[in-house]
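S.K.: Mind the numbering: the sequence shown is residues 1 to 793 in the UniProt record's numbering, read in order.
It is worth saying that the hints were derived from the structure and are not from the lab.
It is possible that some hints are incorrect.
To be verified - Lysine to any residue pairs mimicking SDA-like chemistry, simulated, CA-CA at most 25 Å apart:
#: 1; residue 1: Lys-704; residue 2: Val-264
#: 2; residue 1: Lys-520; residue 2: Lys-103
#: 3; residue 1: Lys-80; residue 2: Glu-200
#: 4; residue 1: Lys-210; residue 2: Ala-49
#: 5; residue 1: Lys-704; residue 2: Met-742
#: 6; residue 1: Lys-424; residue 2: Thr-354
#: 7; residue 1: Lys-95; residue 2: Ala-49
#: 8; residue 1: Lys-701; residue 2: Thr-644
#: 9; residue 1: Lys-520; residue 2: Arg-499
#: 10; residue 1: Lys-103; residue 2: Ala-49
#: 11; residue 1: Lys-173; residue 2: Ile-230
#: 12; residue 1: Lys-271; residue 2: Ser-549
#: 13; residue 1: Lys-650; residue 2: Ser-668
#: 14; residue 1: Lys-82; residue 2: Leu-269
#: 15; residue 1: Lys-642; residue 2: Ser-730
#: 16; residue 1: Lys-761; residue 2: Phe-726
#: 17; residue 1: Lys-569; residue 2: Glu-111
#: 18; residue 1: Lys-442; residue 2: Arg-287
#: 19; residue 1: Lys-674; residue 2: Ile-230
#: 20; residue 1: Lys-520; residue 2: Asp-483
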Amino acid sequence: MLGLTAREAEERAAQGLSNEQVDSSTRTVEEIIKSNVFTYFNLIFTVLAVLLIVVGSFKDLTFMLVVFANTAIGIAQEIKSKKTLDNLKLLKMPKAHVFRDGKEVERPVEELVLDDVIVLRAGSQIPADAIVVDGSVQVNEALITGESDEITKTADSQLLSGSFVVSGTCAAKLTAVGRNSYISKLTIEATKDKHGEQSEMIKSLDKLVKVVGIIIIPVGLILLTQQYFILEDGFRHSVTSMVAAILGMIPEGLYMTASIAMVVSAMRLAKQEVLVQNMRCIETLARVNVLCVDKTGTITENEMKVAQMQRIYDGLTDDELSRLIGDLAFAQNPDNITMAAMQAYFTERSGRATLSVCGFSSKYKYCGASYEDGNFVLGAPEFVLREAFSQYEEEITKVSEQGYRVLAFARTEDVPDGQPLSGKVRLLGLVYLTNPIRKSAKETFRYFAENGVGVKVISGDNPVTVSNVALEAGIENADRYIDARQLVTERAVYEAVERYTVFGRVTPEQKRMFVKALKKQGKIVGMTGDGVNDILALRDADCSIAMASGSEAASNAAQLVLMDSDFSKMPSVVAEGRRVVNNIEKTASLFLTKNIFSLLLALFSIVNVLSYPLTPSQLTLITMFTIGAPSFVLSLEPNHDKITGTFFGKVFKMATPAGLTTFVSVSSLVIFGKVFDVDPDCISTACTILVGLVGFMILGKVAKPTNSFHVGLIAVMLLGMAYCFFFQKSFFGINQISTQAMMLLVVFLIATEGLFRYVYKFTSLCGRILDRGGKSRKTKEKKHRKKIKISWQ
1 MLGLTAREAE ERAAQGLSNE QVDSSTRTVE EIIKSNVFTY FNLIFTVLAV LLIVVGSFKD
61 LTFMLVVFAN TAIGIAQEIK SKKTLDNLKL LKMPKAHVFR DGKEVERPVE ELVLDDVIVL
121 RAGSQIPADA IVVDGSVQVN EALITGESDE ITKTADSQLL SGSFVVSGTC AAKLTAVGRN
181 SYISKLTIEA TKDKHGEQSE MIKSLDKLVK VVGIIIIPVG LILLTQQYFI LEDGFRHSVT
241 SMVAAILGMI PEGLYMTASI AMVVSAMRLA KQEVLVQNMR CIETLARVNV LCVDKTGTIT
301 ENEMKVAQMQ RIYDGLTDDE LSRLIGDLAF AQNPDNITMA AMQAYFTERS GRATLSVCGF
361 SSKYKYCGAS YEDGNFVLGA PEFVLREAFS QYEEEITKVS EQGYRVLAFA RTEDVPDGQP
421 LSGKVRLLGL VYLTNPIRKS AKETFRYFAE NGVGVKVISG DNPVTVSNVA LEAGIENADR
481 YIDARQLVTE RAVYEAVERY TVFGRVTPEQ KRMFVKALKK QGKIVGMTGD GVNDILALRD
541 ADCSIAMASG SEAASNAAQL VLMDSDFSKM PSVVAEGRRV VNNIEKTASL FLTKNIFSLL
601 LALFSIVNVL SYPLTPSQLT LITMFTIGAP SFVLSLEPNH DKITGTFFGK VFKMATPAGL
661 TTFVSVSSLV IFGKVFDVDP DCISTACTIL VGLVGFMILG KVAKPTNSFH VGLIAVMLLG
721 MAYCFFFQKS FFGINQISTQ AMMLLVVFLI ATEGLFRYVY KFTSLCGRIL DRGGKSRKTK
781 EKKHRKKIKI SWQ
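Using the sequences and the hints, build the whole thing.
M.R.: Here it is in structure tokens:
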């Protein structure tokens, strides 16, 4: 074997045709830090901090602590995610044997070039896509099947990079190297940055921040100009008032509260042997409405057992047939659960000498061996028997309907080599295998059914078998099954995922198609997987779950990893996600109340040419005890209610009446203070007290249902605010207020309680009217889509 010359190899390397290994396509640490530090809002906060430093108002800089915390948490989360994906190394063999100038030499895989002829032996990992030119090997193609299947490769057979040689020796010519090889394309796709794909909650917060980001610039400039040039309040007072208005409009603490709540959830799940690799998937899983699962290892235990053997050919006794099957079983590698079960059951052998062995072909669904007295194969009846399958179809279907997996054992004219069988076959016997249903399966799938989560079972087994196993596990509509070999177009896949629950004989490529089709239908898709072949489907899903017992690569690519491979943990993971989402929705309404109130008060001040009545330190005091600390505590409470509606819809439903009430009360107090010529500092302090006490009213509304814990929380927050009010006056800008201001404060406080109740009732009524209109519109749209579908069919 000559191979390339050293000069030819150098020329190809110069042309960029070397097998240069691709790095992870994640962002660098430097890029992550820059993207989190150099943000629009960090710029705004920095400008505000500089202005406060310039005017010497250092006590008003406390908001920067939240900014630093938000930035640090964002960086830490992204770096953790990056490290996980960077560990996804699919090509691990550093060197390869290659022919150069007619001699076999060892070279780093990066120095291989297109058209190089390499030598592959048992244990070698194929470094680039190639074609066999001489010899024969058995290859483990886990990258294609997700299982440790052995496929025989002879002359002109294709070899995919990343596969391992189990036995044999061959020379192979490289046909695709570097970024063009299969392993490189898979690595790039699997580690692709999903930064743009966010959960609904995070997307909603981002939209809010973008809107606020547009508003604050003109509002801030107008306020600063108005107070300094028109009201002549002085530069220091003008700056602090403007900063207070802008800070009130930004939900800077909400991101931090959400992040901390998710970190706590991840720690709780870790105690249950669930590894969270992407914090935001906790929310996504709680919103998933379609979950794609495999049969083996999810519905059933990750093991198989031979239930019985049925002799078909009368020319053999049961003992003779059992020994023939035992010969073939023990010639195979027991590294998959099917063959392990076969070897455990068929323990007797005839002692015949094996001439050749063919490992299981995932594509053609059989394995085999050759002996002096003939060739024998074992595999899926449809593939082994082919045209003769119809003779036994009724009997095999009946057995499959009982939940058994059926394998056909036959003698064939063909020498088994991993290629399609074409010669005559004689069926000798059938082997019935069973997968024990997980004890927790029924309870787990009942939970998903009760909570509106549809389940799609995707398996490589016979669809009838899978359907019956799914029915036994209590999966709804499991009687709706289809053989995925019928789905040859994207349209067929799109229609099938809408109509069927169970999919049998699924190829790895189809898994990704199913996920994409479901997402096109507006579903939030969860995907479970354990093989390398599942990686792309896992990455495409909204939430990906891997079993730790599967491949390391699948675990690295998934957002959640079940460390004990126990699918029954899923309800507790969903429950944890619901706790986070429902609680953050409640606490978000506290933040949004402040934002709505601050925006309206800023616009009110501009329109009426008035000074903004609050300072940054006063807002810090209010936020600390009515929003910040309570929201953190509430976000950790138990809450397993089903998630309904949109994040924004539910948050604004509570925040709008609260924000309007606070604005009306405070703006009225400012006007009355102006009319009665009350000192502005007294009014500022009175507004602080009023906003704080209204904040506690809103906190009481949000912290429903009322219990001793909630009452205790509000009491502690009240005492904390009172302490700061009386003993930390200077730090929080609290002044002694006059009798007039005190009287106005009492009057407006009493009026505010009634105002809040009626505003809340009014907005609730408006919300119900809008909801009815929305439901009516959705019903009409659904009927219209149904008509279109019928006419299309």
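S.K.: Evaluate each hint against the coordinates.
M.R.: The hints, checked one at a time:
no.: 1; hint: Lys-704 to Val-264; result: holds (22 Å)
no.: 2; hint: Lys-520 to Lys-103; result: violated (54 Å)
no.: 3; hint: Lys-80 to Glu-200; result: holds (22 Å)
no.: 4; hint: Lys-210 to Ala-49; result: holds (21 Å)
no.: 5; hint: Lys-704 to Met-742; result: violated (31 Å)
no.: 6; hint: Lys-424 to Thr-354; result: holds (21 Å)
no.: 7; hint: Lys-95 to Ala-49; result: violated (56 Å)
no.: 8; hint: Lys-701 to Thr-644; result: holds (19 Å)
no.: 9; hint: Lys-520 to Arg-499; result: holds (15 Å)
no.: 10; hint: Lys-103 to Ala-49; result: violated (70 Å)
no.: 11; hint: Lys-173 to Ile-230; result: violated (82 Å)
no.: 12; hint: Lys-271 to Ser-549; result: holds (18 Å)
no.: 13; hint: Lys-650 to Ser-668; result: violated (28 Å)
no.: 14; hint: Lys-82 to Leu-269; result: holds (21 Å)
no.: 15; hint: Lys-642 to Ser-730; result: violated (46 Å)
no.: 16; hint: Lys-761 to Phe-726; result: violated (36 Å)
no.: 17; hint: Lys-569 to Glu-111; result: violated (46 Å)
no.: 18; hint: Lys-442 to Arg-287; result: holds (21 Å)
no.: 19; hint: Lys-674 to Ile-230; result: holds (17 Å)
no.: 20; hint: Lys-520 to Asp-483; result: holds (22 Å)
Checked against the numbered hints listed earlier, the structure breaks hints 2, 5, 7, 10, 11, 13, 15, 16 and 17; every other hint is satisfied.
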